[in-house]
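Asks: Protein chains in written order, with the UniProt record's numbering: chain A, 1 to 566; chain B, 1 to 313.
Do not rely on the hints blindly, as some may be mistaken.
Claimed, not checked - Straight line, CA to CA, 30 Å or less: simulated BS3-like cross-link-like pairs of lysine-lysine: (1) A:LYS137 with B:LYS30; (2) B:LYS200 with B:LYS186; (3) B:LYS49 with A:LYS243; (4) B:LYS288 with B:LYS242; (5) B:LYS30 with A:LYS303; (6) B:LYS307 with A:LYS142; (7) A:LYS251 with B:LYS30; (8) B:LYS208 with A:LYS162; (9) B:LYS284 with B:LYS186; (10) B:LYS30 with A:LYS142; (11) B:LYS200 with A:LYS198; (12) B:LYS288 with A:LYS198; (13) A:LYS127 with A:LYS137; (14) A:LYS135 with B:LYS49; (15) A:LYS243 with B:LYS30; (16) B:LYS288 with A:LYS135; (17) B:LYS186 with B:LYS49; (18) B:LYS299 with A:LYS130; (19) A:LYS130 with B:LYS81; (20) A:LYS130 with A:LYS43; (21) B:LYS248 with B:LYS214.
Claimed, not checked - Partner residues are not named here, just some residues of chain B that face chain A (Cβ under 8 Å, in silico): (22) LEU7; (23) ASN134; (24) ASP198; (25) GLN199; (26) THR298; (27) ALA300; (28) ILE310; (29) GLY312.
Derived from the structure by calculation, the hints contain no laboratory data.
Even for Gly, the Cβ is constructed at its ideal location relative to N, Cα and C.
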Amino acid sequence: MATYSNQHWLLSHIRNSFISTDDTGMCETVMLSDDMPKHYLRKFGNSGAGGDHYHRRRGHKPPPAGGGTTPERNTRHPDAPLQEVDFICYPGLDLSDDEEDMSTHSFDIQMYPEVGAHRFRSNTAQKLEKLDIAKRKAARIKSINYQEEVQPPDSEDFFRRKELPLKKDEPVEKPSKTNEDELSDEGIQSQLTEQLAKSPKQTQNRFIEFARFDGTSQVGMQTKRINVYLNMLPEPDRNYPLKICVLATAKIQEVIGYVCYKTSLQYPDVPLKSLQHYALYMTEDNDDMEDFPPLDNREPCSKFGFSHLTLAERRPLAPVTRVDYHGQLGTKSMTSEEDKAALAEAAVKALQNINLNGGKSNPGKGEDSPSDYVKEYEKRLLNHNDMLEAPMHRTFRLNIIDKRFFKSDVTLGISGERIEIDQYKNAKFWPQKKPVSTPIDLVAHCEIVERRHLKALLRIWLKSNSSSPSFTTGCASAPINASVTTLNMGSASAGNAHSPNSPGHSSGFFSSSNIRYKHYDFDTDTHTADQIQSKLTCILEMRSSELRREFLLQRERKMEKRQLKL
Amino acid sequence: MGDQQQLILATGGYDHTIKVWQAHTGNCIKTMRFVETSQVNALDRTPDKTRLAACGYQCIRLYDLESNCTAPVINFDGVQKNVTRLGFQEDGNWMFTAGEDHHVRIWDMISSPPHCSRVFDCEAPVNSACLHPNQVEIAMGSQNGSVFLWDVKSERHERIVPEVDASIQDVAISPDGRYLVAANNKGNCYIWSLTSQDQKMSTLRPTKKFHAHKRYILRCKFSPDSRLLLTTSGDGTVGIWKTDDFTKWRELCIENYWVWDAAFSADSKWLFTASSDGIARLWKLQTKSSIRDYTGHTKAITALSFKDEIVGK
Chain A
1 MATYSNQHWL
11 LSHIRNSFIS
21 TDDTGMCETV
31 MLSDDMPKHY
41 LRKFGNSGAG
51 GDHYHRRRGH
61 KPPPAGGGTT
71 PERNTRHPDA
81 PLQEVDFICY
91 PGLDLSDDEE
101 DMSTHSFDIQ
111 MYPEVGAHRF
121 RSNTAQKLEK
131 LDIAKRKAAR
141 IKSINYQEEV
151 QPPDSEDFFR
161 RKELPLKKDE
171 PVEKPSKTNE
181 DELSDEGIQS
191 QLTEQLAKSP
201 KQTQNRFIEF
211 ARFDGTSQVG
221 MQTKRINVYL
231 NMLPEPDRNY
241 PLKICVLATA
251 KIQEVIGYVC
261 YKTSLQYPDV
271 PLKSLQHYAL
281 YMTEDNDDME
291 DFPPLDNREP
301 CSKFGFSHLT
311 LAERRPLAPV
321 TRVDYHGQLG
331 TKSMTSEEDK
341 AALAEAAVKA
351 LQNINLNGGK
361 SNPGKGEDSP
371 SDYVKEYEKR
381 LLNHNDMLEA
391 PMHRTFRLNI
401 IDKRFFKSDV
411 TLGISGERIE
421 IDQYKNAKFW
431 PQKKPVSTPI
441 DLVAHCEIVE
451 RRHLKALLRI
461 WLKSNSSSPS
471 FTTGCASAPI
481 NASVTTLNMG
491 SASAGNAHSP
501 NSPGHSSGFF
511 SSSNIRYKHY
521 DFDTDTHTAD
531 QIQSKLTCIL
541 EMRSSELRRE
551 FLLQRERKME
561 KRQLKL
Chain B
1 MGDQQQLILA
11 TGGYDHTIKV
21 WQAHTGNCIK
31 TMRFVETSQV
41 NALDRTPDKT
51 RLAACGYQCI
61 RLYDLESNCT
71 APVINFDGVQ
81 KNVTRLGFQE
91 DGNWMFTAGE
101 DHHVRIWDMI
111 SSPPHCSRVF
121 DCEAPVNSAC
131 LHPNQVEIAM
141 GSQNGSVFLW
151 DVKSERHERI
161 VPEVDASIQD
171 VAISPDGRYL
181 VAANNKGNCY
191 IWSLTSQDQK
201 MSTLRPTKKF
211 HAHKRYILRC
221 KFSPDSRLLL
231 TTSGDGTVGI
241 WKTDDFTKWR
251 ELCIENYWVW
261 DAAFSADSKW
271 LFTASSDGIA
281 RLWKLQTKSS
291 IRDYTGHTKA
301 ITALSFKDEI
311 VGK
């Protein structure tokens, strides 16, 4: 069949299959960077402008002789010189970038959670088994008909009146020795009193708040069963997993709490540290911990399909993660190898910066105390996933605030190399404005300037193009309104945040640099604002751009000046 | 049923589960699935403590507490409407159930299979029922405001309507057999003195009426020593009254939540409460302080059962 002998199709198929059946959630970080089919297509497929047409036509034909019998061989030896003819684009797979992104990165495909390990069994087989189990269970349950006829008891003695010990009719004779508020103690003691007395100092389990994530016997709620190996247990015990059942909605953080709760019940002698010290790691069922980073604390556990995990102390980044990204880190819309290299370098630099024993601290803050440093380290460690995901392209729907106080609906796309603002298609009143694309190099800062109950005002600072001749694309004619202003707002901007076009001082306010900045203001809900802010900040921090440092420095100086004036 | 048997608390509620707790630590031992369409209206344990009975909307189920199995061992079919109360005779020979189908039924539990041996028709949905310590009389309260005392042996009964246009929410008889109390949805409590002679049915003498809560009373119960009466209410409080004069002795408060059920320890020094915040609590009555939380239910807890023993003087 033509399909199965087409390398492009095969590669895409393998890739998609892996992504859609990946339980680890790791494919996103591992595979995203190198889309092999696309890569090969770019390398061998797109020769000349007419290439697409050419290949599309060719795709229907049977492959060249020999290709049909050993199609995979070529892909196994990517270094072997490939001929153009060997890699034939499969029709429909060489669509434009955007559409292809939709078709190959199908992250939304989710397995039914209950299928789990039985992925290959059909639904019918499972249903039958469930019915069977229910039947067998029912056989053990005695059934009584509620509406049945009344059968009076045979024996006269069935209802027997019990004589109550006659209490003396003068209950007041009890000496009221104690004051009104105290009831006299007749000296009796109950089993409960005794047991409570035996464990007087037993404080409540400090993980008890996580007990509510118990999924055992929950009706009408998705639950998840996981076997968790406990790394902190002594040798024999740690080889046997703790079987837990949690609500599928529980976040990983809460699962950790629940595991700690169960552990403290089952192994009361094992001292446990606080939650922040632990993380869940992927594990083979023979309890070998994988060298992957831990599961993201904020994700719901339903996202992951593991049957086995290990609870262990959070460890510093495993070296393997660092090596992995060496020269490989990328975004989906990477175009030039140069960009790739630069970003990879930045990522490696950023990761190395977290090295506790690195010695060198940031040039900006020389007098960091060690504890600050540790805190910083922990913070970054927790942000690790943020950093991995940050360069991935993502779009947000929000409102841009126009010069004239009007809001219009736009999509904001953020990736590791640029931000794009595009007016939403069916905005009614204004004429369509051209989409704006800004290279990430020109983005200086992102902040939330105003936070109300549900809404937040998000501001993205860019280098104004008037002083950057290199920035000419897209934005040149009638861009979506951005106010050009020198940085003169300081932190007091929150109050009048809705008027971004504050008087545009022309340049030269600061002696140190003449860079002018403009900003876009967006109005959105706080959650999205937080997401955008953390994503963009992550990207900017990873790139550790000169521009950003300059911007923050200027702002700081400005603040100082203001304070002096006051 | 050795002496070392665990002391357990059972709770059930709107999350369709029944949880069994180790009473003195607050740890959940076991969770059992109830019926998916029903909350738990009442729980009671068989006197030998091996089984737990639960009733709800269109269901009555008995669970085995000793096995690891969380499925019921006995299930009632064809139940109509809510079953509001159930309870056992002290030897476990029979069980009573009260329901909104107007009927209170006695179930012979020693014959196999169990069958119904008596029915009483209250002519209105029955909200509550409780067994007299003499083990042959059952007090019942109905939605149209009637209080019944029914002698299951002689099948005689007596009926009283203490207040018109009020629904009786719960009835209780003190363990010493002296008092019957009925609590209604207006927050009022009615007390009768019970006297009985020569194996005959008890007679009722109105003794006291008092306004216990501003809102709905959900449960009332006497302490094992009969010296205290508790009332739980939709106003978020538990009132504890001295039976000497029915004056308030203590008030426990769980703000903004309904307190659905409560149970005393055998020495009347501790109290368990079940409330709509999904947490069961253990209170030390002397200090009015809550000393244990039983967390795990995801919705309101509407019923609990606790069976304690006296271990000695």
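Asks: Each hint needs a verdict: does it hold in this structure or not?
Replies: Going through the hints against the structure:
no.: 1; hint: A:LYS137 with B:LYS30; in the structure: holds (18 Å)
no.: 2; hint: B:LYS200 with B:LYS186; in the structure: violated (33 Å)
no.: 3; hint: B:LYS49 with A:LYS243; in the structure: holds (28 Å)
no.: 4; hint: B:LYS288 with B:LYS242; in the structure: holds (15 Å)
no.: 5; hint: B:LYS30 with A:LYS303; in the structure: holds (27 Å)
no.: 6; hint: B:LYS307 with A:LYS142; in the structure: holds (25 Å)
no.: 7; hint: A:LYS251 with B:LYS30; in the structure: holds (23 Å)
no.: 8; hint: B:LYS208 with A:LYS162; in the structure: holds (27 Å)
no.: 9; hint: B:LYS284 with B:LYS186; in the structure: holds (28 Å)
no.: 10; hint: B:LYS30 with A:LYS142; in the structure: holds (22 Å)
no.: 11; hint: B:LYS200 with A:LYS198; in the structure: violated (46 Å)
no.: 12; hint: B:LYS288 with A:LYS198; in the structure: holds (21 Å)
no.: 13; hint: A:LYS127 with A:LYS137; in the structure: holds (15 Å)
no.: 14; hint: A:LYS135 with B:LYS49; in the structure: holds (28 Å)
no.: 15; hint: A:LYS243 with B:LYS30; in the structure: holds (14 Å)
no.: 16; hint: B:LYS288 with A:LYS135; in the structure: violated (49 Å)
no.: 17; hint: B:LYS186 with B:LYS49; in the structure: violated (35 Å)
no.: 18; hint: B:LYS299 with A:LYS130; in the structure: holds (27 Å)
no.: 19; hint: A:LYS130 with B:LYS81; in the structure: holds (29 Å)
no.: 20; hint: A:LYS130 with A:LYS43; in the structure: violated (52 Å)
no.: 21; hint: B:LYS248 with B:LYS214; in the structure: holds (14 Å)
no.: 22; hint: LEU7; in the structure: holds (5 Å)
no.: 23; hint: ASN134; in the structure: holds (5 Å)
no.: 24; hint: ASP198; in the structure: violated (10 Å)
no.: 25; hint: GLN199; in the structure: holds (6 Å)
no.: 26; hint: THR298; in the structure: holds (6 Å)
no.: 27; hint: ALA300; in the structure: violated (13 Å)
no.: 28; hint: ILE310; in the structure: holds (5 Å)
no.: 29; hint: GLY312; in the structure: holds (6 Å)
Comparing the model with each earlier hint shows violations of hints 2, 11, 16, 17, 20, 24, 27; every other hint is respected.
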